[in-house]
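The listed protein sequences derive, respectively, from chains A and B. First residue of the first sequence: 1, per my numbering; consecutive thereafter. First residue of the second sequence: 213, per my numbering; consecutive thereafter.
Keep in mind the hints are simulated off the structure, nothing from the lab. In this text, all values refer to a predicted model and were calculated from it rather than measured experimentally. One should not assume that every hint holds.
[Stated by the list, open to error] Reference listing, derived: stretches of chain A covered by chain B, where coverage requires no fewer than 3 residues with Cβ under 8 Å from a Cβ of chain B:
no.: 1; region: 66-79
no.: 2; region: 156-170
no.: 3; region: 188-199
no.: 4; region: 204-211
[Stated by the list, open to error] Short derived list, chain A residues pointing at chain B, Cβ under 8 Å:
no.: 5; residue: I83
no.: 6; residue: P86
no.: 7; residue: G89
no.: 8; residue: L91
no.: 9; residue: A95
no.: 10; residue: P112
no.: 11; residue: Y146
The beta-carbon is built from N, C-alpha and C at its ideal position, and this holds for glycine as well.
What follows is each chain in one-letter form.
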Amino acid sequence: MTDTVIAVGGEPTDVDSGPPQAGGGPPPIPEFSIVPLRGIPIAAALLVGLLVAISTNNLWALTFFHVGGGGLWTSIDLFLGLIIGPILGRLSVPARIEFTVRFMPKMVVIMPTLVAITLGAGFQLARHLGNLNADYPHHGWLVASYIIVGVMAVIALGLLEPANLAVLFELKKPRPNPERIGRLMKIFVYTAGITGIMQIATIVIMTFLASR
Amino acid sequence: MTDVAGAVHPDVDEIDLRQAGLPRVARLATATLALVVIGGIYMAAQIDRSVTLAPPLVLAIAAGVVLLVNVVLLSRIREFAWDTFFRVFGWTLLAYLTIAGILEYVFVYDHTPGRQLALFSAMLFIFAIDVPLLLGFSVARYQPPPG
Chain A
1 MTDTVIAVGG EPTDVDSGPP QAGGGPPPIP EFSIVPLRGI PIAAALLVGL LVAISTNNLW
61 ALTFFHVGGG GLWTSIDLFL GLIIGPILGR LSVPARIEFT VRFMPKMVVI MPTLVAITLG
121 AGFQLARHLG NLNADYPHHG WLVASYIIVG VMAVIALGLL EPANLAVLFE LKKPRPNPER
181 IGRLMKIFVY TAGITGIMQI ATIVIMTFLA SR
Chain B
213 MTDVAGAVHP DVDEIDLRQA GLPRVARLAT ATLALVVIGG IYMAAQIDRS VTLAPPLVLA
273 IAAGVVLLVN VVLLSRIREF AWDTFFRVFG WTLLAYLTIA GILEYVFVYD HTPGRQLALF
333 SAMLFIFAID VPLLLGFSVA RYQPPPG
């Protein structure tokens with residue numbers, strides 16, 4: 001059982017038609033690790049910090065993790081979906097491959113960590129401040145934010161993350177299939193864009209609640 | 213650096229042709245995830261209210277049933293890259309059990325009432341199994357089966 005190879009100077013792999021590949025040699029794939037091990041201790045330290053913040057109910061620490069994590073999560077989603085995605089679609093095949101193998105593994109560690117600390121700290125912060133109570137005057141806004149986060153979670157875990165991992169495993173093959181990579185990258189970039197736009201709604205709700 | 217060869221291989225996309233014969237594991241796993249998320253949102257919205265737990269209970273049971281059906285469908289696939297599946301499933305299970313564990317800790321720490329806690333725990337368990345299953349399948353489906 002084998003795979004289609006990346007055709008030299010052939011169809012571009014990703015989002016839309018990019019410039020043809022320069023040169024004539026086959027596009028090289030740099031060595032890469034699907035899960036960058038150097039990032040694991042940092043993610044673990046952040047999760048330990050989150051647990052300490054929750055167990056001490058420290059208002060500053062909870063706010064730090066929620067606002068910091070949420071800000072980064074939102075920024076990355078928006079930047080990826082609206083800025084990087086369209087640029088990526090116009091790069092040459094080797095440039096896209098090189099970017100993908102350096103960028104996507106980092107996302108495997110960064111995004112689940114950011115989501116966990118944002119949601120964990122946010123839930124505890126709201127609990128601590130009494131915002132989760134049904135008699136909280138803006139409870140409806142909070143429930144709206146749950147729904148948005150819920151939809152984003154289903155999109156991210158059901159489409160984005162599987163596409164991310166599948167691309168990385170495909171690129172690990174001796175002869176990756178460019179059409180499959182293109183299809184999966186399209187899912188990745190589009191879903192990142194959709195969640196990015198939904199993040200704007202979250203920002204609207206959160207800034208509204210913080211200003212009350 | 214790994215060189216990527218420069219010609220189209222004879223058995224073009226044999227793996228993609230296999231896709232049509234695969235059960236809809238990814239869709240079912242996403243449906244399970246959606247059921248758990250809806251149940252979780254309902255419960256989080258009702259915290260500190262004494263309302264019936266019937267809707268999230270039904271959602272959790274439905275999610276559990278869909279997950280079980282999915283596991284059965286998955287186990288019936290003959291030609292499949294099981295090594296890759298279990299490698300991805302194992303590592304992501306570790307990651308998602310950690311995330312679920314943190315959320316469980318928050319619920320326990322906040323003295324969530326017994327029945328709500330049990331339901332939250334069941335949903336977190338389904339979530340922690342379902343996502344790795346989805347990720348493992350999504351990767352393994354494009355890998356060549358052994359032999």
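Name the hints, by number, that the structure is in violation of.
The structure breaks hints 1, 3, 4, 5, 6, 7, 8 and 9; every other hint is satisfied.
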